[in-house]
Amino acid sequence: MSRSFLARNPSILVFLACLALFTLAVTMLAPATGSGLISTSFVKTLGKTLCLCLVALAMDLVWGYCGILSLGHFAFFGLGGYMIGMWLMYARTELIVVESLSNAVIPPTPQEIRDAIGSQIFGVVGASDFPAIWIFAHSLTAQLVLVLLIPGLLALVFGWLAFRSRVTGVYLSILTQAMTLALSLYLFQNESGLRGNNGLSGLQNLPGISASQDLVSVWFLWGAALALALGYVLCAWVVSGKFGSVVRGIRDDEARVRFLGYSVEGYKLFIFTFTAVIAAVAGALYYPQAGIINPGEIAPIASIYLAVWVAIGGRGRLYGAVIGAAVVSLVSTWFTGGLVSSIPLGVYTVNWVDWWQVLLGLSFVLVTLFAPKGIGGLFDLIARRRGQ
Amino acid sequence: MLKRLFATLCLVLSLGMAPGAGAQDASIQPLLQANAALITESSRRTIQPAIDAIAGSGLPQAPLVLSTWAERDMWQRLSDGQFFRAQKVKGGQYALIDFDTGAEVATVDKDAIEQLKPNSGIRALIGAALVRFQLSDPDPAIRVAALDAIDRAAEAGHLAPLKAAIPDEPDPAIRARKERLLTLLTIRFGTESAMRVAAIDSLAGDTGVDARAALNPLVATSRHAGTVVPQTVNVAATLKPGSDALPRATAYDMLVAAGLAPPRLTAEAARTTLSAHVEDGAVGGVPLHQLADPAARDRAYAALVQAGQAPPAATEAEVDQALSTHVFWDQYAEADPAVTDAARAALTRTTLMVGLNQALDLALDALSLGSIYFLAAIGLAITFGVMGVINMAHGEFIMMGAYTGYVVQQLIPNYTVSILVAIPLAFLVTFAAGVAMERLVIRHLYSRPLETLLATFGISIALQQIAKNIFGTQARPLTSPAWLDGSWVLNDIVGISYIRIAIFALALIFLVFFLFLMKHTRLGLETRAVTQNPKMAASMGINPDRVNMLTFGLGSGIAGIAGVAIGLYAQVTSEIGQQYIVQSFMTVVVGGVGNIWGALLGAGMIGVLQKGIEWFNPSNTLAAQTYMIIFIIIFIQFRPRGIIALKGRAAGD
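Line order of the protein sequences matches chains R and G.
Following the working numbering, the numbering of the first sequence begins with 22 at its first residue and continues without gaps.
Following the working numbering, the numbering of the second sequence begins with 12 at its first residue and continues without gaps.
Check before you lean on any hint, since a few could be wrong.
[As the list claims (entries may be wrong)] Taking CB as the label site, the calculated pair distances span:
| no. | chain 1 | residue 1 | chain 2 | residue 2 | range |
| --- | --- | --- | --- | --- | --- |
| 1 | G | Met551 | R | Ala38 | 39 to 49 Å |
| 2 | R | Val178 | G | Thr238 | 29 to 39 Å |
| 3 | G | His300 | R | Ile156 | 23 to 33 Å |
| 4 | R | Asp235 | G | His300 | 30 to 40 Å |
| 5 | G | Arg275 | R | Pro152 | 24 to 34 Å |
| 6 | R | Val178 | G | Thr427 | 49 to 59 Å |
| 7 | G | Asp291 | R | Ser56 | 56 to 66 Å |
Don't read these hints as lab results, they were simulated from the structure.
Beta carbons are placed, not taken as given, at the ideal position from N, Cα and C, and that holds for glycine.
Please work from the sequences and hints to get the whole structure.
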């Protein structure tokens, strides 16, 4: 089965080869494992970009293939980050606390250690007790399970409610946007138990690992690349075959698929939840590289950007999403990083840090108007020319 | 100084020897002379008896003397120590005016008299004493000022004069105020229990801040512990340790604080004691490395107690014993039970009235918030509701309107004129922007509604960034004209600012305007026709392009006007539109797409919901918004097409 599946989709092999080449090349150039031609922060940027590609992949599956324009998938991304962040923060604070308490004459009791960790983590929001949601924070395994479980559960409940009452099209988009807004507003409160607008910080320090950030950045690059490869194959497998055909059918004419006897809600719910879990995994890999997560990350605008990446890359083709996310986020970093020289126009100097957003916004408009297939459409042109 | 003291001494002596000095009937001079030592000493600490003597003398001259004194016009003649009002005549000459007759007694040189210079502390005391005279002053302004003075710093001495000043009061408003003040003073300073209770009863259900401020101290309690409840105190309640009101730990802490029981051992104290008695790597025979276990710590501490190296701590049994042999009670600061009972009863009714008034205030708030959402959403109700276009840049049109208002205010300094100019100008600017956007972008995307969302989002972030580049990131103020300042106050609880009333009025105007436009004009008819079936409308001679363009421009223009209104009460930043866009969409979706009444109901519902949830947890508006959105998500389950759902073909699908 697997063989024939890959044979039917040669583009998967091409993608995997490109990804492997890219990862190897970055490893060769990274400071810890290669020539050091690029900086550690750039390695991190590339690693983060791979995570964004993964969440864009999820977005493409739910929007490009299933026709659900979700404006809330960054909420799942952020939740994944929060779940792994809880363990990272807890475990690292525990190490620090145990270290500082070991100098005392009398060894600390478990309760004393826990109290000290609590006041370390929650002192910033004026509390010292652990909220109930931190009950599993000491266990990496439990939090890894929660990375999949919590966003998956949220997507399942929300999707079930929404699809059951046949909320579709733009209404669903607005509803998902409301969901992510509600979540981010909730997390902004100090009482949410996740440190309010301070968010979770210091996530780049892996507890119990003394390796330098130079090396850790390469590990995460590999981790992200592996996750992206796996996610790509999984998504490609889901959309191929009969299941994929039904999903595409729902996108094109939902009523007709329903009349043919398929459980449209079930398919949609599966895709929605499945992509939410992929987004959560991407987030769990992203935030340890970013080092900090706060509720601002899951504001509605982030999810809209996600949709825009996919639109620019080209909907309905998995590599399009990856290309869109990579190109837009890297070009964004390039422009906003102040690396592009300003253009003096005599009376006014165009400073790209200020004007990049304008350029970006207008390019969305142009892509939507004139290139609805996005960058991925170029591949069609090439293929057609070759065919002629 | 010495000279003055000497003079005073002489005066007192001479007064004693010359009893005929104040022979005139009802003269105030003898009184002044009797208190001359205090008056001339002029110390804030000792002056009160002198002031009381003058004020309480019952003489008609008393207020004149006090006010003259306070205004530093009272002088003392050095030759005989008599006090006079002095007026500068010319050169160094002063005319001395007798307090009793008001006649000029003599004209003397400045060297012969000495001015009394009361400091500000004394003047304040004199002022307080004067209040009772001012209460009956012929000038209403002075009477009101006197009432204000009592309001600020009431004292027991005001009670009698206030009561005396009521029957002769001609002005009904001032009379009512005097009566109210008398009631409040009676509650605070009254001596007879029955009168106080009657005063308290008359305030039952009164929601005024002053009434509540008078009643609340009466029911304030303090918590005490002891072996028996004293007979003399006014007990509010006796408490049982271990109940919700008084947890056991708190109760025991009270006993410890009162010195009635030994303290319990805290973990912190145990650790300090243990670490102070480490011997050969062990404490009380327990090796150090085992002390991470709480049980081992207890063993070690017990061993230390046995060895006499640590103070014994109260055991659980001792705690039980102490708690059972002591009583805990809340007592009123007010000693009279009749008064506290009456106050409690009055406050119960007051609380109910306050609750009702708060509900009214909340309803006003909700209405105002709803009208803001309605204003923000009405343009969207046209572009999204009627035309089906998702305009993510709608918020930026609001922002453009607000910035237009700001720029106009920079050019026209008169706020009233500038607002009147800004409103049509904002409409024109955003109308033009809307038409341009419709022509250039949206026209090409009518068949792909989800992609309009992306394209308009691109326009949205571009506009936001352009605004940021032009106006910077700091908030720009949009000042409202002076006649919109302040607020309409019904009572101490219910009130609403004029700006919010103006926004409400504006929302109403737009509602009427919109209804008229859609139902009674050619454009409205054509718009409805085009949105229902563009091809059929076109074949009837309507130009759909033109209608779409105008409708979209209209929706955008209204957003611009909403921007001016919103800018008046919120700070104008480049992100002002972002704060309203999601709520605006929800308003339209909740209300029902394609229907202006739906937008109105949606805005009203969201306003009421948000304020209602805030009422339960006023400190946390973020939580209120969260719960509101969750509620809306659930609401959509039951009415997926909104409160007012279109039926039939107009519903689209």
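Verification of the hints:
{"no.": "1", "hint": "G:Met551 - R:Ala38: 39 to 49 Å", "verdict": "violated (60 Å)"}
{"no.": "2", "hint": "R:Val178 - G:Thr238: 29 to 39 Å", "verdict": "violated (58 Å)"}
{"no.": "3", "hint": "G:His300 - R:Ile156: 23 to 33 Å", "verdict": "holds (29 Å)"}
{"no.": "4", "hint": "R:Asp235 - G:His300: 30 to 40 Å", "verdict": "holds (38 Å)"}
{"no.": "5", "hint": "G:Arg275 - R:Pro152: 24 to 34 Å", "verdict": "holds (28 Å)"}
{"no.": "6", "hint": "R:Val178 - G:Thr427: 49 to 59 Å", "verdict": "holds (53 Å)"}
{"no.": "7", "hint": "G:Asp291 - R:Ser56: 56 to 66 Å", "verdict": "holds (59 Å)"}
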